[in-house]
Amino acid sequence: MNLFDTHTHLDASQFDEDREEVIQRAYDSGVTRMVNVGFNRETIPSTMELAETYDFIYAAVGWHPQDAITMKEGDLEWIASLCSHDKVVAIGEIGLDYYWDTSPKEIQHEVFRKQIGLARELKMPIVIHNRDAHEDTIRILREEKASEIGGIMHSFSGSWDTAKMALDMGFHLSFGGPVTFKNAKQPKEVLAQVPIDRLLIETDSPYLTPHPFRGKRNESAHVRLVAEAAAEIRGMSVEELVEITTKNALERFDIQ
Numbered sequence: 000m001n002l003f004d005t006h007t008h009l010d011a012s013q014f015d016e017d018r019e020e021v022i023q024r025a026y027d028s029g030v031t032r033m034v035n036v037g038f039n040r041e042t043i044p045s046t047m048e049l050a051e052t053y054d055f056i057y058a059a060v061g062w063h064p065q066d067a068i069t070m071k072e073g074d075l076e077w078i079a080s081l082c083s084h085d086k087v088v089a090i091g092e093i094g095l096d097y098y099w100d101t102s103p104k105e106i107q108h109e110v111f112r113k114q115i116g117l118a119r120e121l122k123m124p125i126v127i128h129n130r131d132a133h134e135d136t137i138r139i140l141r142e143e144k145a146s147e148i149g150g151i152m153h154s155f156s157g158s159w160d161t162a163k164m165a166l167d168m169g170f171h172l173s174f175g176g177p178v179t180f181k182n183a184k185q186p187k188e189v190l191a192q193v194p195i196d197r198l199l200i201e202t203d204s205p206y207l208t209p210h211p212f213r214g215k216r217n218e219s220a221h222v223r224l225v226a227e228a229a230a231e232i233r234g235m236s237v238e239e240l241v242e243i244t245t246k247n248a249l250e251r252f253d254i255q
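Residues 0 to 255 in numbering that gives the first Met the number 0 are what the sequence shown lists, from first letter to last.
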């Protein structure tokens, strides 16, 4: 297997006791590349440390909408400076989160727009976090001309209509553990229709653990379970789906 986990948080505290073992287990399971996502003042440095320690771990850096209220003057410049690092492959995760009431919507919007602007300036793809904010996410992406850079709709949970609007702007759609859930009808329906060259897989570990480990800590090795579910939904072999999604990720992140 040549699996690519396009979104993980291996620097999370849930891995403090066995991080090296978790990373080795993923590699031994056929996960040859991962993108670890740093999304605030605490996780960006630890993400960079992982990317610099492991050849097969890359970094995305940005400011999460839940943490938008904590962004200070100078943080955008910090993110910009990190984007020149050869292991940083995207700005993210950025976007909107209307589920958790941790940052006012207007501040989320402002921080989101600033980071799209930075990504356009640097010609970097963006990784989008969108929770219960489909309409505003698409609107802001359009208004800020995100189609010029494209990116990834991480852990996509929207309808096919939302998916089509994102695809029209050049985005890839990434799917994780929920596509293995018995009652997750909508993500399965969307995954079945996404153009195969725009499809990606991820874990979002330690979150969104796939079946049959749901309820336990997720880890990057479990991206194989996502691949198996996605292959079944698409009516293709796991090997073919892995080959295509890895190729898509390498192209999207411009990894040689």
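Think of the hints as simulated: they come from the structure by calculation, not from any bench. You may find that some hints are simply not true.
Below, in silico cross-link-like pairs of lysine-lysine (DSBU-like), each with a Cα-Cα straight-line distance of 30 Å or less [claimed, not checked]:
hint: 1; residue 1: LYS144; residue 2: LYS181
hint: 2; residue 1: LYS246; residue 2: LYS163
hint: 3; residue 1: LYS163; residue 2: LYS71
hint: 4; residue 1: LYS246; residue 2: LYS144
hint: 5; residue 1: LYS181; residue 2: LYS215
hint: 6; residue 1: LYS86; residue 2: LYS71
Label-pair restraints from in silico Cβ distances [stated by the list, open to error]:
hint: 7; residue 1: ASN39; residue 2: GLY234; range: 17 to 27 Å
hint: 8; residue 1: ASP27; residue 2: SER158; range: 16 to 26 Å
hint: 9; residue 1: GLU72; residue 2: ASP160; range: 35 to 45 Å
hint: 10; residue 1: SER28; residue 2: PRO194; range: 24 to 34 Å
hint: 11; residue 1: SER236; residue 2: ASP15; range: 14 to 24 Å
hint: 12; residue 1: TRP159; residue 2: SER236; range: 23 to 33 Å
hint: 13; residue 1: GLY214; residue 2: ARG141; range: 13 to 23 Å
hint: 14; residue 1: GLU227; residue 2: PRO194; range: 31 to 41 Å
These figures come from a predicted structure and were not determined experimentally. Ideal Cβ positions, reconstructed from N, Cα and C, are used throughout, including at glycine.
List of violated hint numbers, smallest to largest: 1, 3, 7, 8, 11, 13 and 14
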